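Number of protein chains: 2
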Amino acid sequence: MTKDYVIGVDLGGTKILTAIADLEGNILAKVRKDTEAKKGKDVVIQRIKDTVYEVIKEIDGDLSEVKGVGLGVPGPLNISEGIIKSTPNLDFDNLNIIEELSDLNLPIFLENDANAAAIGEKWFGAGKGADNMLYITVSTGIGGGIIINKDIYHGVGDGAGEIGHITLIPDSKVQCGCGNYGCWEALASGTALIRMGREAVESDCDTKIAQLVDSPEEIDGAIIAQAFKEGDEVAKELMNQLATYLGIGLASMINVFNPEKIVVGGGVSQSWDLLKDKVSETIDKRAMSSLVEGVEVVTADLGSEVGVIGALAVALTSLDLL
Amino acid sequence: MTKDYVIGVDLGGTKILTAIADLEGNILAKVRKDTEAKKGKDVVIQRIKDTVYEVIKEIDGDLSEVKGVGLGVPGPLNISEGIIKSTPNLDFDNLNIIEELSDLNLPIFLENDANAAAIGEKWFGAGKGADNMLYITVSTGIGGGIIINKDIYHGVGDGAGEIGHITLIPDSKVQCGCGNYGCWEALASGTALIRMGREAVESDCDTKIAQLVDSPEEIDGAIIAQAFKEGDEVAKELMNQLATYLGIGLASMINVFNPEKIVVGGGVSQSWDLLKDKVSETIDKRAMSSLVEGVEVVTADLGSEVGVIGALAVALTSLDLL
Numbered sequence: 573m574t575k576d577y578v579i580g581v582d583l584g585g586t587k588i589l590t591a592i593a594d595l596e597g598n599i600l601a602k603v604r605k606d607t608e609a610k611k612g613k614d615v616v617i618q619r620i621k622d623t624v625y626e627v628i629k630e631i632d633g634d635l636s637e638v639k640g641v642g643l644g645v646p647g648p649l650n651i652s653e654g655i656i657k658s659t660p661n662l663d664f665d666n667l668n669i670i671e672e673l674s675d676l677n678l679p680i681f682l683e684n685d686a687n688a689a690a691i692g693e694k695w696f697g698a699g700k701g702a703d704n705m706l707y708i709t710v711s712t713g714i715g716g717g718i719i720i721n722k723d724i725y726h727g728v729g730d731g732a733g734e735i736g737h738i739t740l741i742p743d744s745k746v747q748c749g750c751g752n753y754g755c756w757e758a759l760a761s762g763t764a765l766i767r768m769g770r771e772a773v774e775s776d777c778d779t780k781i782a783q784l785v786d787s788p789e790e791i792d793g794a795i796i797a798q799a800f801k802e803g804d805e806v807a808k809e810l811m812n813q814l815a816t817y818l819g820i821g822l823a824s825m826i827n828v829f830n831p832e833k834i835v836v837g838g839g840v841s842q843s844w845d846l847l848k849d850k851v852s853e854t855i856d857k858r859a860m861s862s863l864v865e866g867v868e869v870v871t872a873d874l875g876s877e878v879g880v881i882g883a884l885a886v887a888l889t890s891l892d893l894l
Numbered sequence: 573m574t575k576d577y578v579i580g581v582d583l584g585g586t587k588i589l590t591a592i593a594d595l596e597g598n599i600l601a602k603v604r605k606d607t608e609a610k611k612g613k614d615v616v617i618q619r620i621k622d623t624v625y626e627v628i629k630e631i632d633g634d635l636s637e638v639k640g641v642g643l644g645v646p647g648p649l650n651i652s653e654g655i656i657k658s659t660p661n662l663d664f665d666n667l668n669i670i671e672e673l674s675d676l677n678l679p680i681f682l683e684n685d686a687n688a689a690a691i692g693e694k695w696f697g698a699g700k701g702a703d704n705m706l707y708i709t710v711s712t713g714i715g716g717g718i719i720i721n722k723d724i725y726h727g728v729g730d731g732a733g734e735i736g737h738i739t740l741i742p743d744s745k746v747q748c749g750c751g752n753y754g755c756w757e758a759l760a761s762g763t764a765l766i767r768m769g770r771e772a773v774e775s776d777c778d779t780k781i782a783q784l785v786d787s788p789e790e791i792d793g794a795i796i797a798q799a800f801k802e803g804d805e806v807a808k809e810l811m812n813q814l815a816t817y818l819g820i821g822l823a824s825m826i827n828v829f830n831p832e833k834i835v836v837g838g839g840v841s842q843s844w845d846l847l848k849d850k851v852s853e854t855i856d857k858r859a860m861s862s863l864v865e866g867v868e869v870v871t872a873d874l875g876s877e878v879g880v881i882g883a884l885a886v887a888l889t890s891l892d893l894l
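Going line by line, the protein sequences match chains A and B.
Under my numbering, the first sequence has 800 at position 228, and the numbering climbs by one with no breaks.
Under my numbering, the second sequence has 829 at position 257, and the numbering climbs by one with no breaks.
Just chain A, with the same shape it has in the complex (with noise of 0.2 angstroms):
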């Protein structure tokens, strides 16, 4: 008796995560490689066709058995053409991936990292359930997949969701990544905090932070995080001001989208007891009570795997199994 599976990529610029799962999404197996990005492209898509044989004979399946794959990648894509237009980290400018894996004869499904990770919250994570949500996901930026009736928009030309551009501060003087200045996620990143924890330090604060580390180079959010737990009121400011202002971009996003839920995930997220009290304060501030009232904000709860996981939902969906 043959079995249906699908199987979900999450593809990133260190390594490639591939999972096997059956039709409800439980996962059979796993198959993690270095994407070996330097060697170049050829390289880097041989080794995800081999994670997709090796996932299937992991579990004395076949090929014949696998009704498509989901592809979550960084970065910009044109998803009906299968088109990544450009990666951080990997030399896959304007590449059609699906042509690339053609070879494989399965149905490839493209996504971006982030929506990925939202198909995946909504189906298998802490958005289930949720028909219209925001997943956001703050670590060294902002990114978000914006859930509209079951489905991520995509926009015009899916790049819909740049939700760690928005200008949070005109007057900001801290550059963006993007070029702009004084975007949410030039404010409120993990990468936010850590220059504001290294501000600190190096303006000679009376702070714990500076006791923790030897230089502050090495100052990240887990420092920043453990000195606000012991008491140390620099810390503790460092992460209030940057709970203000997830707050303030959460509340224009409520304001905006009037969501059943937004699930916050990335590394940020777990630091989630430090920050909730001022996010909801801020919230409650600046977004309108009746959409407040509707709207649960949540942590993430896929953790490292939302990636591969967020692949198989697309694969899921996708075909229409979910």
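Honestly, the hints are just simulated from the structure, not real lab data.
Treat the hints with caution; some may be incorrect.
Covered stretches of chain A (in silico footprint by chain B; criterion: 3 or more residues with CB under 8 angstroms from a CB of chain B, positions within the stretch not fixed) [as the list claims (entries may be wrong)]:
#1 722-728
#2 772-778
#3 853-860
Please read all numbers here as calculations on a predicted model, not as lab measurements.
The beta carbon of each residue, even a glycine, is placed where N, CA and C say it ideally should be.
Place chain B on chain A using the hints.
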């Protein structure tokens, strides 16, 4: 031979404008009545019904030939239950308007007025052909309608599209009607322009605006626009400030939605020629270039009748006739 018609009702605080159209949306007759809001709910309901009967009579039609009625109303709604939660200027709190109009024996399709305007512009105005677009009305406040895959996006509690209440400048001293400080609407609406104009005159700036009015209370958007056209530097500065604020908010919406089109309506859009260069400059600076390339920002086409044309479009789309 019987014909098929739809009716659109634009219910406002001071007037009711009702139109009857064929199934292509061509308006055949219109009836306008004062709302008489002060006389209470029952009078207003009766006046709505009267406009419906009268507009049918105007074309020698019959109630049985009307396929449905689109009803645009201000204020938050529960669309599926047909409830007006509250409206400014009307004593309609938690009113089931569909029940109240049930003796018309016609399908009634309720919609928020900004959303109705968005639907009107999408099908009969400047948004024609754009499946993913934003409609933004800039007048007393800033309202909006979000069109995704040809349909209005309502959000989980029919409250989506409160784009005027994204926070534009978190530490602004200008309080918005919603309670928050520094909302887009508080800084970039017609009301904001008037406030800035009055402040300029009251602070004894050397400006033509002062010469055009007898007292600061007379200052409105048209006066400021006139002063700008006559070469007044202060008026130019105010309009540039307004345009910058408009551009910041539009840039954020472009980054979030990647829309095909943004249609700008409302009183302020009548001065678009004076605003558009600075708006474009700001958008270019603050939105991602790939998304800016994909969007067209245009002024609304439907003018003062956008409400009733929108209501007709609500009926036609609800009946799957568009």
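Do the hints match the structure? See the list:
no.: 1; hint: 722-728; in the structure: holds (count 4)
no.: 2; hint: 772-778; in the structure: violated (count 0)
no.: 3; hint: 853-860; in the structure: holds (count 4)
Of the hints listed earlier, the one the structure fails to meet is number 2.
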